[in-house]
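Number of protein chains: 2
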Amino acid sequence: AGLGGIGLDTSRELVKRDLKNLVILDRIDNPAAIAELKAINPKVTVTFYPYDVTTPLAETTKLLKTIFAQLKTVDVLINGAGILDDHQIERTIAVNFTGLVNTTTAILDFWDKRKGGPGGVICNIGSVTGFNAIYQVPVYSASKAAVVSFTQYIAKLANITGVTAFTVNPGITKTTLVHKFNSWLDVEPRVAEKLDEHPTQTTLSCAQNFVKAIELNQNGAIWKLDLGTLEPIQWT
Amino acid sequence: AGLGGIGLDTSRELVKRDLKNLVILDRIDNPAAIAELKAINPKVTVTFYPYDVTTPLAETTKLLKTIFAQLKTVDVLINGAGILDDHQIERTIAVNFTGLVNTTTAILDFWDKRKGGPGGVICNIGSVTGFNAIYQVPVYSASKAAVVSFTQYIAKLANITGVTAFTVNPGITKTTLVHKFNSWLDVEPRVAEKLDEHPTQTTLSCAQNFVKAIELNQNGAIWKLDLGTLEPIQWT
Numbered sequence: 001a002g003l004g005g006i007g008l009d010t011s012r013e014l015v016k017r018d019l020k021n022l023v024i025l026d027r028i029d030n031p032a033a034i035a036e037l038k039a040i041n042p043k044v045t046v047t048f049y050p051y052d053v054t055t056p057l058a059e060t061t062k063l064l065k066t067i068f069a070q071l072k073t074v075d076v077l078i079n080g081a082g083i084l085d086d087h088q089i090e091r092t093i094a095v096n097f098t099g100l101v102n103t104t105t106a107i108l109d110f111w112d113k114r115k116g117g118p119g120g121v122i123c124n125i126g127s128v129t130g131f132n133a134i135y136q137v138p139v140y141s142a143s144k145a146a147v148v149s150f151t152q153y154i155a156k157l158a159n160i161t162g163v164t165a166f167t168v169n170p171g172i173t174k175t176t177l178v179h180k181f182n183s184w185l186d187v188e189p190r191v192a193e194k195l196d197e198h199p200t201q202t203t204l205s206c207a208q209n210f211v212k213a214i215e216l217n218q219n220g221a222i223w224k225l226d227l228g229t230l231e232p233i234q235w236t
Numbered sequence: 001a002g003l004g005g006i007g008l009d010t011s012r013e014l015v016k017r018d019l020k021n022l023v024i025l026d027r028i029d030n031p032a033a034i035a036e037l038k039a040i041n042p043k044v045t046v047t048f049y050p051y052d053v054t055t056p057l058a059e060t061t062k063l064l065k066t067i068f069a070q071l072k073t074v075d076v077l078i079n080g081a082g083i084l085d086d087h088q089i090e091r092t093i094a095v096n097f098t099g100l101v102n103t104t105t106a107i108l109d110f111w112d113k114r115k116g117g118p119g120g121v122i123c124n125i126g127s128v129t130g131f132n133a134i135y136q137v138p139v140y141s142a143s144k145a146a147v148v149s150f151t152q153y154i155a156k157l158a159n160i161t162g163v164t165a166f167t168v169n170p171g172i173t174k175t176t177l178v179h180k181f182n183s184w185l186d187v188e189p190r191v192a193e194k195l196d197e198h199p200t201q202t203t204l205s206c207a208q209n210f211v212k213a214i215e216l217n218q219n220g221a222i223w224k225l226d227l228g229t230l231e232p233i234q235w236t
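Keeping their order, the protein sequence lines are chains A and B.
When the first sequence is numbered by UniProt numbering, its final residue is 236 and no position is left out of the sequence of numbers.
When the second sequence is numbered by UniProt numbering, its final residue is 236 and no position is left out of the sequence of numbers.
FYI, nobody ran anything at the bench for these hints, they're computed from the structure.
Since this is a predicted model, take the numbers as computed values, not measurements.
Do not rely on the hints blindly, as some may be mistaken.
One copy or any two copies: either way a pair holds, since identical chains are not told apart in the list.
Here are the simulated DSS-like pairs of lysine-lysine, each with C-alpha atoms no more than 27 Å apart in a straight line [claimed, not checked]:
(1) Lys43 with Lys156
(2) Lys180 with Lys113
(3) Lys180 with Lys62
(4) Lys194 with Lys156
(5) Lys113 with Lys194
Taking the hints into account, I'd like the entire structure generated from these sequences.
Below you can see the structure in the form of structure tokens.
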């Protein structure tokens, strides 16, 4: 899990549950947020590791080795790092898509039943733009379409790897991500303002549905989390 | 255009048409192939520039500046670079997706009607795996899903940029690409052999339909080129 807008509220909801451990991986530490999470439920051990999803696969494997050694078992991986800025093509794809693929690939080393692993659950954060695109940010939208596709394929491979996967796809949510961002080649200079005119949801209602989706734990599901609702999507 | 299996046969078909110029961009020069293309129709000027799609955007812009200065006008860009090897995650995404986005973004600088450009046509090569995935290569398949998505969004922006776009999506074709390749985490070690058991098409029949799709020139079209047929796909 992470400490972004949706990530922090989702972590708040998660620690209210009967959880043993919550490991937060994010680029930037936020000791106040970690302390708050620890205070919500002292029975949950909350730990933080700095992690940039754009680091090479081998580095991620090293970090996971440390985490698995400490916790013994890890049940769920939530891949939530994301940026929205179509002026930054390489970085958008590296964070939203490549980083998620690398992190997923790295954890398979510990979970894959072909290697004697116990299996596990991967929860990838897509976006409603993966299937209802915001054309003004085609790089972001395509990177999220790739996330949804990739996750569907991983879900189909669960019989081989023992690892199941699903996506949660938030609609427009009141986060810093959508507060201000650039469209591709400035095709719509007022894209952030225009999005703000749409109905949106709070990070809290999004986070509550996020945790519901995790609890439902359906392999191959594509959950749409929009306007405070949780809805399964059929996608070809 | 390029000089790979489908690329070379498509170039052969293209120079048979009433074309003024054909510019080939590929990583590796192939003087014999260029000479052959020149011999097919001496009225077409065939030129080659070395180009790696993973070079940064600014380098691509420089190369395009040279090409536009030489040709005055460029009508169609074909983005065809692709690799199939799910052991190479970063490179698969860099070549198949990021490279295509960067090349598309770079040429907009010359074509964009908001800058006084004449518009243009972008033909991106996806794959049937973009919508009918080969799950054993989830990274490749997701990178192609991203290509199809990205192209659809660019097509929707044509009213702003003056640049139209469509994809051609070959099915399994007898190329070196599918002769031997790795599945993701070796989930199916015999993936190439298994694909070979499926009916396939030749690069020639694929190339003929490819050129047909270019001639039809429909903004937003998703062309499926499989088993020697050309078929429009509806995709949500």
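Going through the hints against the structure:
1. Lys43 with Lys156: This pair counts as neither: shortest intra-copy Cα distance 35 Å, inter-copy 51 Å.
2. Lys180 with Lys113: between (43 Å within a copy, 26 Å between copies)
3. Lys180 with Lys62: neither (35 Å within a copy, 31 Å between copies)
4. Lys194 with Lys156: between (37 Å within a copy, 17 Å between copies)
5. Lys113 with Lys194: between (47 Å within a copy, 23 Å between copies)
Going through the hint list in order, the structure does not satisfy hints 1 and 3.
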